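Novice: Order-wise, the sequence lines are chains P and D. FYI, in this note's numbering the residues of the first sequence are 51 to 640. FYI, in this note's numbering the residues of the second sequence are 2 to 94.
No wet-lab data here; the hints were simulated from the structure. These figures come from a predicted structure and were not determined experimentally. Mixed in with the good hints there might be a few duds.
[Unchecked claim] Pairs of lysine to aspartate or glutamate, EDC-like flavour, derived with a Cα cap of 20 Å:
(1) D:K14 to P:D185
(2) P:K98 to P:E135
(3) D:K27 to P:E108
In case you want the letters, here they are:
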Amino acid sequence: MLTIAGLATARGLAEGPVYLYRGDDDIPVSEYVVPQGREGDEFMRYKKAVGDVGRDLESLIAVLNERNKGGEDAKVFEGHLMILEDPILKKEIGKLIVEQRVNAEAAVKKGIGKFRKQFERMNDEYFRERVRDLDDVERRLLRALLGFAKSSRLELTEPCVIVADDLTPSETVQLPRHLVLGFATNGGSTTSHVALLARAMGIPCVTGLGFVTQKVKPGMRVLLDGTAGTITVNPDEQALADFAELVRRQQESEAELKDGLKAGTLKDGGQVRIFANIHPGVAFGALKDMGAGGVGLYRSEYLWLNGGKEPDEETQFEAYKAVAEYVKGLGDDAYVTIRALDIGGDKTVRGITVKEANPFLGNRSIRYLLSDREVFRRQLRAILRASAFGRIQIMYPMVSCVEEMREAAVEMAEARRELDEQGIAYDRDIPVGAMIEVPAAAINAKAIAKYCKFFSIGTNDLIQYTMAADRSNEEVAHLYQPLNPAVLKLMQHVLETANAAGIPVSVCGESASDPVIGILWASMGADMLSMSATYIPLMAKVLRRLTRRDLDEYKAFALGFDNGETGDEILDACRKWMERKVPELDKLLI
Amino acid sequence: MAKITRELTLLNKYGMHVRPAGLFAKTASKYDCDVEVEKDGNVVAGKSIMALMTLEASCGAVLKVTADGDDAEECLDDIAALIGRKFDIPDEQ
Chain P
51 MLTIAGLATA
61 RGLAEGPVYL
71 YRGDDDIPVS
81 EYVVPQGREG
91 DEFMRYKKAV
101 GDVGRDLESL
111 IAVLNERNKG
121 GEDAKVFEGH
131 LMILEDPILK
141 KEIGKLIVEQ
151 RVNAEAAVKK
161 GIGKFRKQFE
171 RMNDEYFRER
181 VRDLDDVERR
191 LLRALLGFAK
201 SSRLELTEPC
211 VIVADDLTPS
221 ETVQLPRHLV
231 LGFATNGGST
241 TSHVALLARA
251 MGIPCVTGLG
261 FVTQKVKPGM
271 RVLLDGTAGT
281 ITVNPDEQAL
291 ADFAELVRRQ
301 QESEAELKDG
311 LKAGTLKDGG
321 QVRIFANIHP
331 GVAFGALKDM
341 GAGGVGLYRS
351 EYLWLNGGKE
361 PDEETQFEAY
371 KAVAEYVKGL
381 GDDAYVTIRA
391 LDIGGDKTVR
401 GITVKEANPF
411 LGNRSIRYLL
421 SDREVFRRQL
431 RAILRASAFG
441 RIQIMYPMVS
451 CVEEMREAAV
461 EMAEARRELD
471 EQGIAYDRDI
481 PVGAMIEVPA
491 AAINAKAIAK
501 YCKFFSIGTN
511 DLIQYTMAAD
521 RSNEEVAHLY
531 QPLNPAVLKL
541 MQHVLETANA
551 AGIPVSVCGE
561 SASDPVIGIL
571 WASMGADMLS
581 MSATYIPLMA
591 KVLRRLTRRD
601 LDEYKAFALG
611 FDNGETGDEI
621 LDACRKWMER
631 KVPELDKLLI
Chain D
2 MAKITRELTL
12 LNKYGMHVRP
22 AGLFAKTASK
32 YDCDVEVEKD
42 GNVVAGKSIM
52 ALMTLEASCG
62 AVLKVTADGD
72 DAEECLDDIA
82 ALIGRKFDIP
92 DEQ
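The shape of chain D in the complex, shown without the other chains (with noise of 0.2 Å):
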């Protein structure tokens, strides 16, 4: 059992919107490990996309991501991998 936060930047124009959260939970959820993301002292649920989206996260907003479980490490790879990507939206890159 692994539990490990990073903090990742998001990089996209417009934040944590509908699709980038709707993105984020979808990767969340393919993984067993239970997925947390803290803005701002707010903790939620990181496979929700209204949770996601409440955080109120806007480009450049820093997210501290905990995943905790067997396959924390791959999950949170895949997650930083997909905002580095700026959810590949191409009007946000």
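Pulled out of the complex, with its shape left as it was, chain P reads as follows (with noise of 0.2 Å):
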């Protein structure tokens, strides 16, 4: 038995059987010289790999097929195979097998990038995408000939524990959700996407683990905290009957929320609202189980994440549409605040995105929304239309001035006259707001508001801008210090300006999920908080046993520091405070 610490990143508990993922990056490949003599023997070995890797992929096929007759997916894979047993291909990687005595993975790298050379020539990008195919099949022959351990979202069979050094958005979501018991990666952070989207799907994550790939193997029975941030790798008995009173005493804390009070009732009946954080390829069926009163973050970057290209209007329209008339039914003053395509930094799509020299400070957000203003006019166009079907609020990432704000009125105009001219209905009194998140636009939220119908705090960026450090790197990840007193007076800042101009403030930061700081934001003005929807049942037990008087005194409590006090100091006294206020808080966190 074995058990490592990492980071609680995804709240819950899980059993089952390791599945060791490989990521989509590069297999690197030796290149050498086969001995004279050897090389019949190395084109067997490539032979052999074609005829594993098409038996796997004639299996999949099937599998798609059975689950979806005639489906799009199988279909994909079918062009695989067919490149797989292409003569040319296959003629060209013998010849640099046989007469040139090259390796069979570098033959293989080498056959396949001509080809690669001449699509990544090509004019047109729906034929330049196709490198895609061929990457796709050139990674399962390198798999085969290397003996990885075969890769593919699909092929998962049973119920696992996914092990990985770490993982892509894209391919995080791509995994089938009802086979994924839970997370576990060697890199990552609390706040990197594996994370946001574990937490969105309601999946336990430990990241930060070390050399986790080095110490599983697959199929080997793990169980994973996500609570604690541990993970054991072949348990004994007594950690089995420890994690399984764990279980039980999680189902009974869940227990208590069934008395239907809404989730943010306070004490004394004064109300927190509790929104969710969400995203489109992620069903949002659950948000009303778990108490949420709207949607207060839907980060419609992921329409793009998830295509690799950007959605037209239409598909946008679908989507935006969806989740608008999805909150209606969680109550009737529920709505959902869209945030306008949050692109770039760590979130890229080819062909959208440009390699920068510092991302992060780079064309992101808003400022590429207004370097590309077709984009940003179809994204106006179908988040307007949907506002017809359900409450939509608009909301703008990454502002810092007061010209962005002007620049996407302009446009946010020409939106509405286009379809005022085309006779299409929207929600004409639809609100629009900033994502706060840049110092500068949190120093000068007072001119800021003047645009703003509403501000909503994203505290990971705000964070991470304020500290100079960035949030996944683990060499500076103690400077990502939510309750650093420079961020607790730009917080201050924006809230009280935000209350004083009488427009509602939200926090959507990941720092809002956390009972000990997210209690703090509302206690010092935040009207709401949202969340990925598996940390609202905490938050809502944390709130029913506070009272507004309460969070008064704790406001004043966190804002007293003034002696020099570090942000983990300060943290560290929060929760102290907290945990005097609610005893039980230790374990309610189970």
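Dock the two chains into a complex; use the hints.
Specialist: See below:
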């Protein structure tokens, strides 16, 4: 038995076999000359790999056809099978092995590489994109030759705990939800993409485990505790019994919320609104069960990330309309805040985002939208059209200055004019607001508020930009302090400015989901906290143990530090305060 | 032995991408004759999905398809019908 501690990234418990996932990174391949006389064996090695991959693809196609007769997925892999078996490609690779005595791996890379170059030179975007099909076949062949575990989202055949180095957003969302029990990764942090997605999907996740991929083997039994941040490999009987007890206590704790009281209700009947952060591609059916009062952050960029390209206006409209209609069922005062395309930084889409020396300070989000007005206009039109079907707010991400709000207003007016001309209905009072996540915008909140019907504070970026610390770089992660005095001052300024301006202000960063921090934001003036749905029950449980007076006391306590205390010391003190007020906090956290 | 050439126009929405190229190659491979496809002076093997994709033939492109062999006639009929049916791809009709 071995227990490894990492970062508690997404709450929950999971028990099951390991699925070792190799990412879609380039597979490193060495090139060497095959000894004379051995080229025949080398060629047979290639032929065997082709046979193995072919059989895998065939069974994959069969599985897909079973699930969705005549579906598109299967057709894609039928194409891959033909590429694999292509006579010209086989001849090319065969020649490299037999005539030039190149090893099979390098021959595969070279042979496919020749075609890849031709595809990359093509003018037509649609054809250029086919390079991905070649990539996929190449990876399968290389994995087969190198003896790596086969890897594809669809090769999950039983419920598993996914163990990986790290996962990209598209890898994560493509995984079949019902077969994923949990995630454990070497890298990442509590705010990496796998973290966000795991929380959105309600799947337990532990990140920052170091070399966990080397400590497990496929199929090994593990216990994953996303609340404590640990993974136990080959658990003994005692560990299994302890784990079963944890599961039982978790179920018991969840039963507490079944009394029909609205999530966010305080002990004295007061109310803190709790909304959910979601993104397209993840079913939102669970939001109501979790107690979400609305959707405070709809991450529209996942329409781009999932599709690998810009979705057309119609596709966007359908997605926005679906969520607008869904939120109606969450209450009379429910609405969805759609965040305009928040792309760039670490969210890249081939063909849209470009390589930048400093992407987090680059052409991101509203900056990108203002630099490509047609994309912006299409998105605004789609959101406006959807607003005829349910209550929507539009939020611009990464606003830094007034100019951007003005420019965006010009585009908005133009989009509305177009729809008016075409006689298309939309909500004429649709609220437009800014996401406050750049320190400049926070400092200048008063001026920006003049252009806004609401604010939403994105603490992930606000903290990272204020502290100048990359939230996913383990070396500097200690500087990413949600309660650093500088962050506290900025938060206080933005919340007070919004309150004074009479516009609602919410907090939608991950910090909002931590009871110790999120409740502090609420005490300081946030009208609403928006978080991954899985965190709502915990927040609700803590809030129902507090009164409005407790919140006032908490605010005075947290803002009273004035003697050179560090961010960590303040956070620690706040946690202790909360533990005094809510003695069972520890138990609730399960 | 017969060597026949026919000019065929691609009608499906996205042209000769993976699936059409695959179906083209699969159809051509059913016959013994040699099949070559020419577009804008590029000549490629008609039984290779990869080669066909490198033609970068989009909707409306005119392909000169040459079949050489005993069953050339049937082969070309089959290919022409496939192209005419827009490769039976529902989304590209």
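Novice: If any of the earlier hints don't hold here, list their numbers in rising order.
Specialist: 1
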